[in-house]
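Novice: Chain residues, written in single-letter form:
2 protein chains.
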Amino acid sequence: MAQVIMDKRDVEFVLHEQLEVEKLAKHERFAEFTKKTVDLIIAEARNLAVKEMLPVLRIADEEGCKLENGTVRVPESFHRIYELFKEGEWISLCDDPKWGGQGMPTSVSMAVKNYFHGANFPFTLAILLSHGAGKLVENFGTEKQKNLFLKKMYTGEWSGTMLLTEPQAGSDVGALTATAVKNADGTYSITGNKIFISSGEHDLVENIIHPVLARLEGAPPGTSGISLFLVPKIWVNDDGSLGEFNDVVCTGIEEKMGIHGSPTCSLTLGGKGKCRGTLLGEENKGMRAMFVMMNEARLDVGMQGLGCSSASFQNSLNYARERVQSRHLTASGKDAPPVPIIQHPDVRRMLLSMKTCTEASRSILYYIGYCEDMIHISSDPAEKARYQGLIDLLIPIAKGYVTDRAFEVCSMGIQVYGGYGYTKEYPQEQYLRDCKITHIYEGTNGIQAMDLLGRKLGLNKGQPFRDLLAEIRQTIATAKNISGLEGLAGKMETAAAELEKTAAFIGKMAASEKAMTAYSHAYAFMDVTGDAVMAWMLLWRATVAGKKLQAGAKGKDAVFYEGQIAGARFYINTVLPITRGKMDVINAADSTVVDIAEDAFGGK
Amino acid sequence: MAQVIMDKRDVEFVLHEQLEVEKLAKHERFAEFTKKTVDLIIAEARNLAVKEMLPVLRIADEEGCKLENGTVRVPESFHRIYELFKEGEWISLCDDPKWGGQGMPTSVSMAVKNYFHGANFPFTLAILLSHGAGKLVENFGTEKQKNLFLKKMYTGEWSGTMLLTEPQAGSDVGALTATAVKNADGTYSITGNKIFISSGEHDLVENIIHPVLARLEGAPPGTSGISLFLVPKIWVNDDGSLGEFNDVVCTGIEEKMGIHGSPTCSLTLGGKGKCRGTLLGEENKGMRAMFVMMNEARLDVGMQGLGCSSASFQNSLNYARERVQSRHLTASGKDAPPVPIIQHPDVRRMLLSMKTCTEASRSILYYIGYCEDMIHISSDPAEKARYQGLIDLLIPIAKGYVTDRAFEVCSMGIQVYGGYGYTKEYPQEQYLRDCKITHIYEGTNGIQAMDLLGRKLGLNKGQPFRDLLAEIRQTIATAKNISGLEGLAGKMETAAAELEKTAAFIGKMAASEKAMTAYSHAYAFMDVTGDAVMAWMLLWRATVAGKKLQAGAKGKDAVFYEGQIAGARFYINTVLPITRGKMDVINAADSTVVDIAEDAFGGK
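In order, the protein sequences belong to chains A and B.
Here the first sequence is numbered in the numbering used here, starting from 1 and rising by one per residue.
Here the second sequence is numbered in the numbering used here, starting from 605 and rising by one per residue.
Among these hints, one or two may not hold up.
A partial selection of chain A residues facing chain B, derived with a Cβ cut-off under 10 Å [stated by the list, open to error]:
1. 170
2. 379
3. 433
4. 517
5. 547
6. 548
Calculated from the model, a selection of chain A residues having no Cβ within reach of chain B, i.e. all distances over 12 Å [claimed, not checked]:
7. 71
8. 185
9. 604
No wet-lab data here; the hints were simulated from the structure.
Predicted model only: the values in this text are computed from it and were never measured.
Glycine is no exception: its CB is placed at the ideal position from the N, C-alpha and C atoms.
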């Protein structure tokens, strides 16, 4: 039977053949996560995704969220799924079991999240945020804060959020004006208005814990004067019992293009002067704390994009195999029968684009999870640092680049369906609408491009970027020894060298008086880096597949491996030449974007 | 004050400075369309668009259409606008005044439509279809049919549709099964089910006239057995009075991603055996008749895309000038004030991409209208044929390529707004949702790419393509003589030569045993041809601007012209190198898309 959400075989391929996650089980931390256990986890996640989450995707989109008397009602069906998530302990996949986590490898959790997001991203979004908020408590909380909040957050009894954005402080978090005043009892009185708060208020749980960025009286301006506070919706007494309503009022929810099942709230804190919080971490170091959570949050957004594109691709593939329309291009005679549209060249082009894009993105995201795991099991500080550097470098790609590609896949996912794709009878249009938010929150994709060029490229004097190139070159070296992959390896080698040169060029320009011009090409630089990383992942996949074929893989396996090699060939031969064009553009450093007079944009 | 929908100055520039449409008034047919009259028409269209159509864009999206007891109710506000359209005679802009048309140049009508689509594409869509249906009657109808229907359709008293698609016959129109049986009185009894019929049923008018594609008993299979019939919703008696309900029943309307104000209907014809029609044109020549209308319909879809992108860009530009966020990249010191986001390099990059994309697309579409006008006023058959060839060649670009770019512009239009762009508080998300349909109907963009490669490139032994290159080279020659444009002209010359070579290569491959591979690159070929045409239009604009600057243009005009030159520079320097990469891909003719085994796509 045709699969939904994504290709089971491909998930297994990445986990077991590309990343070989069962090797992680050799280490104490992950000892129980043998191949058998991992497969069981994935099978259960798929089961939950396919049987419970996917069937309510559309109805929740229609139903949306409703604000009534300060209470937000999420789609009815989400209550049932939420209970299943709590029962199955799906909320804190990788965290310390001491606090209710599952302790699984991050790489494995990526596959779980891939299914959940593909099945129902608006629902899953709420879960992620709870986890992220919990992680802040785990990392920066006092023992008291942890005891009061953490387990309840990680097990889903309570949920969590992130309160950063204010109407005048979006990308510029440092412009926020929410204030905190210390009280005699050590708590802080919080006042402010926050917007765009995902799951800021809802009816799935009895209490919501808000990490809030605010400014202490007399704190310096900008980001260095921001502190982080833990502000529960309902006050939590020292014995863990619930106290009074804590004056966190939902004043509105956004009408949005997509993710209708996820309430995006405006919250007023301390409107009646009765909102209290406790300091999380140190005074004026709130931004630093938030940054620690940034990688996880941005990786999750990349996964949201991949969830949408995975499912959109799988649907299109199934549809293209079933939908019969028009005769074969090379058929002779008017009586030739119509064929399934997967036989038409332009449909195949779309499907192969979608396949390579989702598969390469999958490898990138799972690989980042794998790097996280390696940090945990490695005892060598240098190796830990190397993996952390790779993660830091790849995060803007995982968030900015992967979601851009995911959106394109979702758009093609509509095209394959033709007119039907535009209707709500099929899920394709929702995947596109939902996917669009991934370009925006947790730092717009433009911000990701600036992060890559401005922070990550030069990190530790460029070591992570050199490490990335070394990883790519290791795959190239392997590929050169596999019959049939030599040519692709050679092309990838050229691309890596060109990327290295381009990175050096734009990095230097960014630090020069031509910084404005450099940053006007930051997006292009994210694009070409992403393209190269995608090509690397596909070549890596092809080397694994090539070895298996050489070893005599047969039947379905052989077909799958041939598909991997075809994917690498398609991408390296039809995408990388365009990447080279983009690198030529960067290296030519045209400054028109900077030079053009503001009025010359027109429209006044 | 900031303009909305689009830049008035740019519209005037294309009409009066690039295309010099006032020269058309030297010819009898367009004698009354002097510059003054043209400006008056545009001003009135803008007025209607800004004051009446735009304010109800969002509310109509929310309201949508409702099917109740077989009757479709369109958004309430559309009734008022429809009356204004009838009163102002905005429905048949270019047609013979004898039948209620305005007789204006098509080039001028493009500007009018640009405003209407930018202000309210879901509403304007209904008007276009009425016009297209009328055009079929004008071109293929008998005198009796014209007298009974045409004036009422062109003046909006009745509306019209197009009934092609059936559930199993989408892109493959030839697979349709609706049938027609000749009656003794010369009418035909029609039976069939049609889907995806825009404005197939609605409450704006008392009668709807459906041109219907159906098969006569015993007709050959495929497209050569299809005839065209005129089927009114309510029978029209020979004296013009309305007779009985003609058994055309709306059985459902689609829930869609966008264009909610436009009802997309499923219609059952002759469910009770009482649906009659009259033959329009000749038996079995229905497809040929439809093809005659195809160019206009596809050009209109391109204009729908441009309407969305024009408005999205203009909104983003206005927003970027007002929204203050983050300090300037080169500001020193933490106390530097935040600046309007138009000063940030990545925002500028998006705005300049959006500007060049909408402006070049505008020039393409208006230019196609201009070619239409030249056919009308030319007395030289060779010149007429040349313009017709250019139109035929450019139509797939106008529909397929322009709408692809428009969608990208609309997506950036959300990005510029950040989180706000995703909310329904601003129109940006609707423009993206509405725009997506333009990739699908009137032949998907994949079909456009096949049309360009399979029909248009080799049309008349390639003469139109050579004519296009000649036009481009004429602009290059002009640009070479303008100080400051020599370098851009040289780059454009190289691009034109590469396009010529690529076209020859893929054209030959399409006619060879490698046709499947050629068609798997058809989309890329549409892309590169479109890129080159865009660059040509921007260079053409720059030559006009350069001459005006040389002649001493000052003040606001000079700023506008500098903007034109910057646009050409930006596009030629930052897009054409990528186009070259795409051409390299085509010329390498990778066949992986064709070669990969169907099962190797995975997911089974």
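Novice: The structure should be examined with respect to each hint, and the outcome stated for every one.
Specialist: Against the structure, the hints:
1. For residue 170 of chain A, the interface hint holds, the least distance from its beta-carbon to any beta-carbon of chain B being 5 Å, beneath 10 Å.
2. Of the supplied interface hints, the one on residue 379 of chain A is violated, with its beta-carbon coming no nearer than about 38 Å to a beta-carbon of chain B, more than 10 Å.
3. Taking 10 Å as the C-beta cut-off, the interface hint given for residue 433 of chain A holds, the closest approach to chain B being about 7 Å.
4. Checking residue 517 of chain A against chain B by beta carbon gives a least distance of about 8 Å; that is within 10 Å, so the hint holds.
5. A cut of 10 Å between beta carbons decides the hint on residue 547 of chain A: the least distance to chain B is about 17 Å, and the hint is violated.
6. Given hint, residue 548 of chain A at the interface with chain B, is violated; its Cβ is 14 Å from that chain's nearest Cβ, farther than 10 Å.
7. Its beta-carbon lying about 21 Å from the closest one in chain B, residue 71 of chain A satisfies the requirement of being farther than 12 Å from that chain.
8. For residue 185 of chain A, the condition that its CB be more than 12 Å from all CB atoms of chain B holds, with the nearest at approximately 33 Å.
9. Look at residue 604 of chain A: its CB is around 7 Å from the nearest CB on chain B, not clear of 12 Å, so calling it non-interface is violated.
Violated hints for the displayed structure, listed by number in ascending order: 2, 5, 6 and 9.
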